[in-house]
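Student: Single-letter residue listing:
Number of protein chains: 4
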Amino acid sequence: MMTITLTDLNSAGRDEFVAALGNIFEHSPWIAEQVAMGRPFAGVTQLFSAMKGAIERAPVELRLALIKAHPDLADKAQRAAGLTAESDSEQTSVGLDRLSDAEYEAFERFNNAYRSKFGFPYIVCARRHTRDSILRDFERRLPNDPAAETQRSLEEICRIAALRLDQLVAADDRLPVHGRLSTHVLDTHSGMPAAGIAVELIELADLGASRVVARTTTNSDGRTDQPLIGGRPVPSGKYELTFGVGVYFAMRGVAQSDPPFLDRIPLRFSVSEPEGHLHVPLLVTPWSYATYRGS
Amino acid sequence: MMTITLTDLNSAGRDEFVAALGNIFEHSPWIAEQVAMGRPFAGVTQLFSAMKGAIERAPVELRLALIKAHPDLADKAQRAAGLTAESDSEQTSVGLDRLSDAEYEAFERFNNAYRSKFGFPYIVCARRHTRDSILRDFERRLPNDPAAETQRSLEEICRIAALRLDQLVAADDRLPVHGRLSTHVLDTHSGMPAAGIAVELIELADLGASRVVARTTTNSDGRTDQPLIGGRPVPSGKYELTFGVGVYFAMRGVAQSDPPFLDRIPLRFSVSEPEGHLHVPLLVTPWSYATYRGS
Amino acid sequence: MMTITLTDLNSAGRDEFVAALGNIFEHSPWIAEQVAMGRPFAGVTQLFSAMKGAIERAPVELRLALIKAHPDLADKAQRAAGLTAESDSEQTSVGLDRLSDAEYEAFERFNNAYRSKFGFPYIVCARRHTRDSILRDFERRLPNDPAAETQRSLEEICRIAALRLDQLVAADDRLPVHGRLSTHVLDTHSGMPAAGIAVELIELADLGASRVVARTTTNSDGRTDQPLIGGRPVPSGKYELTFGVGVYFAMRGVAQSDPPFLDRIPLRFSVSEPEGHLHVPLLVTPWSYATYRGS
Amino acid sequence: MMTITLTDLNSAGRDEFVAALGNIFEHSPWIAEQVAMGRPFAGVTQLFSAMKGAIERAPVELRLALIKAHPDLADKAQRAAGLTAESDSEQTSVGLDRLSDAEYEAFERFNNAYRSKFGFPYIVCARRHTRDSILRDFERRLPNDPAAETQRSLEEICRIAALRLDQLVAADDRLPVHGRLSTHVLDTHSGMPAAGIAVELIELADLGASRVVARTTTNSDGRTDQPLIGGRPVPSGKYELTFGVGVYFAMRGVAQSDPPFLDRIPLRFSVSEPEGHLHVPLLVTPWSYATYRGS
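Protein chains in written order, with the UniProt record's numbering: chain S, 1 to 295; chain R, 1 to 295; chain F, 1 to 295; chain B, 1 to 295.
It is worth saying that the hints were derived from the structure and are not from the lab.
It is possible that part of the hints are untrue.
Since the list can't tell identical chains apart, any single copy or any two copies may satisfy a pair.
[To be verified] In silico EDC-like pairs for lysine to aspartate or glutamate, Cα to Cα no more than 16 angstroms straight-line: (1) Lys238 <-> Asp258; (2) Lys238 <-> Asp263; (3) Lys68 <-> Asp206; (4) Lys68 <-> Glu139; (5) Lys117 <-> Glu240; (6) Lys117 <-> Asp172; (7) Lys52 <-> Glu200; (8) Lys238 <-> Asp72; (9) Lys52 <-> Glu103; (10) Lys52 <-> Glu240; (11) Lys52 <-> Asp225; (12) Lys117 <-> Asp15.
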């Protein structure tokens, strides 16, 4: 994805500025138009704050139009007709382009139920979610009243916009839109960080298939060189993190039973704060292990 | 299954004695015949010892005949033709009556490879195994030389016999043929045993489907009223033990994230000593847990 | 100490019965006299229940006399003049016969303050306490009003009596006056119970010197042959339990740093339920350990 | 202590250079003289390497003179006569200026035994030790042969010199002479770092009195703002780290027993690598805790 510097945005002509930011809010360049006068912005935080201010000051009808400018989630017909590049990428990130026919139909039913109750599409910031957590979110929000859902939709729209802005604009400051999921393996049999442990992170799915999110190996510090998930929100949902400790201890010549009592250790946990820093370490011997939510 | 007391066996007529014990060793009543004279036996241990002695003293050809008297494992044709009640029950215990066609064919290939190399059927004490561990055992034994496999077959036959004898004869002493798998949940958030935790034990399978072995709930002592597996060998293999801690803490009103960080905790481990006592406890808070191989 | 069977008590003459039980309640044989008619008792529980009933039915003055029949705790003059054998043994159990002059004076001040406020001696069931917890109990009770302290004194008197009765009378049933403190060491480096670990239990004291309560070695099951404290209440107070793990791992040839990272591991904890079963296990490798309040 | 930059040392006159570094090796300015020609040095590492090279190239007699230029450890007469500022500071760091008469005599006996065997003083880099570990080191080295002790003395002298150089010279690079001891408290009852926990680090002594090395409180990240020991070697020896968890949980309103099962938790461990990074964390609930050697 192309990025643009905040400096360039500050010095650009008005039309150029609006063109660059016109789709930060889906099909709603009026927001960029409104804030163009406020330049120069000291940081992307200030820019984003101005854009949110424009929405808050906008008349009700315009806010509603903003909501209605969004596509349905996982709608086949809309996908065929073409989404904005941003929407397409967001829906793809959560696998909404790879649904089975049955899953497409489920989403269609949900979208229709929501739209027929509220008169506007169900909007959620897909990058903060797994498919399961979207369905859970949907089920929680459907009973809301229209005022609550209007407000909630605008919040989700701002989350979507913040992530789009974060990807597009390079500045000295950053919007607080990134989470992190990390691990660490300590071999308490030898009292050392466990290097060379195969680690796999799987996103578990009630709906559709589970999928591998990261597959890596611990380094000499017992950590992974990169966070398992980083530089983006950690999608809400269930995960399984597995550690190949049987092979690790075998390679080190440590006595184990045959087959080893512990081979691939699974840790299952849920993520509930996509912007949080979640650390899930493993303390392990061939005969015992422990884990905890660290930070 | 009918049982008979050791006292009755000691006082029975010779024919009656042989009839009762004739199939402790598959299709080989000569072993019971040989030991009938040794009565009375002080215990089932002494009885079994006498039967093993009869085998050790038997000429080579008779020992080989004993081996050949056993059916192939998981052989469709032999099943159709009829197994002894004992063999049928043993093969059923490990699910060899419920194989897919592909699995039957795999076993057939194994049996044929083994029989063509050694001239006698592959014998293993099925009650001490899962299907996966049988295949693993098979692969390890196939490269052996005939002398080693003859010896090994007799050992497996004695294990089979010991289990049959244990089930058939009621005595004051017991043969050491039973293992035990148990668990215990300690809630280290409240410092109390965790009562009412849903526990499920699954036998994991590389070959065929995993299956639930036990499904229970912890009692006020944090234990299960019965061992997860007891009164029989704990089959070698891989297991997953799951604990429904999310619901447990929710019922107690303990603050958790939404969804709970930990919901159903899986512990995966292997059993390698079917007659051993394996204790796999869980120490748990809503944010951490530990397990270890206890005793 | 002499014991007498409940059967003998049931069949004894009235005077003999009263003589045997006359000092279960300090200097108050009238309680035994009152219950003698209620014989035979089915168990010691029923006997004790009858004795408590006699106190409850007694007029206020008699109950007050029962309270006043007790000696001061740790009073030098009274010790010199002679305590009942029971009181002497109870005070000795908690070390009240081995106080420094300063400590005697502290107890004297406490006793006087209490007696001048309430008009009767401060009574506590010494066998359920350490010296520190007695002082703590004293400080908590001094602000009470006379009615509350009268009631509380009778409760303590019944606790004293229950322990005396438990020691004196042999019956099929037992009064629930015993607690237990136990430990277990699991070597999670080898996945086995840790045998041969030197274990020491120290009662920690703010007042006076700490003292060793038990010194033992773990058996092949990683436990101690006898509970660290058993067959009596576990006195309220602070304890330190130490485990000689450095020597243990050295004897097994396990690689450690020099000097070993862990040598004698101390666990410090408090006991608050003298009749409870407290289990304080240790899970240990040369580089890590964990403990928890078990049951 | 005054520091001088490497830049200034590189550009200083020869005499000034020698004056500045003359006592890096005790009373042995000839080493600085020899390396003065090698300037400029790219870093303090290169400078120190040159100084060690000068020693290696020096004739045997000069190396022996270097050894003999060192004072006895904890020698009263020598202290009275005056040590170099560096020696004084080093001996003071480990408490050798505060010994009891009995301890002084013990050191005198050791020094004399060593000197009468080898003909030169016992030298050890005091900043890397506690008093206990010095005595242990002494006992291990006394049986050595003279060649081994000559070599070992030069190694200790180089360690002393490296620490003196590190303190004196400011450069972009650093000599690897610093260790670190740190901790971290994770409250696994709430799943959060434990803030506000009182932490105390005590150096345990067999010889003389134990002493508090650090006393601090955990910050919002569950860590201490500064390492417990940092910016210097972590002296070899035994330590006790205590954590005031009883007060912490009480302040948070968490249900505990009365008195709390866990109040001040002690962790006892030994340091064996003064230049290593040792992390000793605590995972804790009111009813359980765990620790391990981390990194």
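Student: Does each hint fit the structure? Answer for all of them.
Tutor: Verification of the hints:
no.	hint	in the structure
1	Lys238 <-> Asp258	between (32 angstroms within a copy, 11 angstroms between copies)
2	Lys238 <-> Asp263	between (22 angstroms within a copy, 9 angstroms between copies)
3	Lys68 <-> Asp206	neither (30 angstroms within a copy, 50 angstroms between copies)
4	Lys68 <-> Glu139	neither (20 angstroms within a copy, 64 angstroms between copies)
5	Lys117 <-> Glu240	neither (36 angstroms within a copy, 44 angstroms between copies)
6	Lys117 <-> Asp172	neither (43 angstroms within a copy, 67 angstroms between copies)
7	Lys52 <-> Glu200	neither (39 angstroms within a copy, 49 angstroms between copies)
8	Lys238 <-> Asp72	neither (24 angstroms within a copy, 45 angstroms between copies)
9	Lys52 <-> Glu103	neither (34 angstroms within a copy, 62 angstroms between copies)
10	Lys52 <-> Glu240	neither (37 angstroms within a copy, 49 angstroms between copies)
11	Lys52 <-> Asp225	neither (36 angstroms within a copy, 37 angstroms between copies)
12	Lys117 <-> Asp15	neither (38 angstroms within a copy, 84 angstroms between copies)
Taken one by one, the earlier hints fail for this structure at numbers 3, 4, 5, 6, 7, 8, 9, 10, 11, 12, listed in ascending order.
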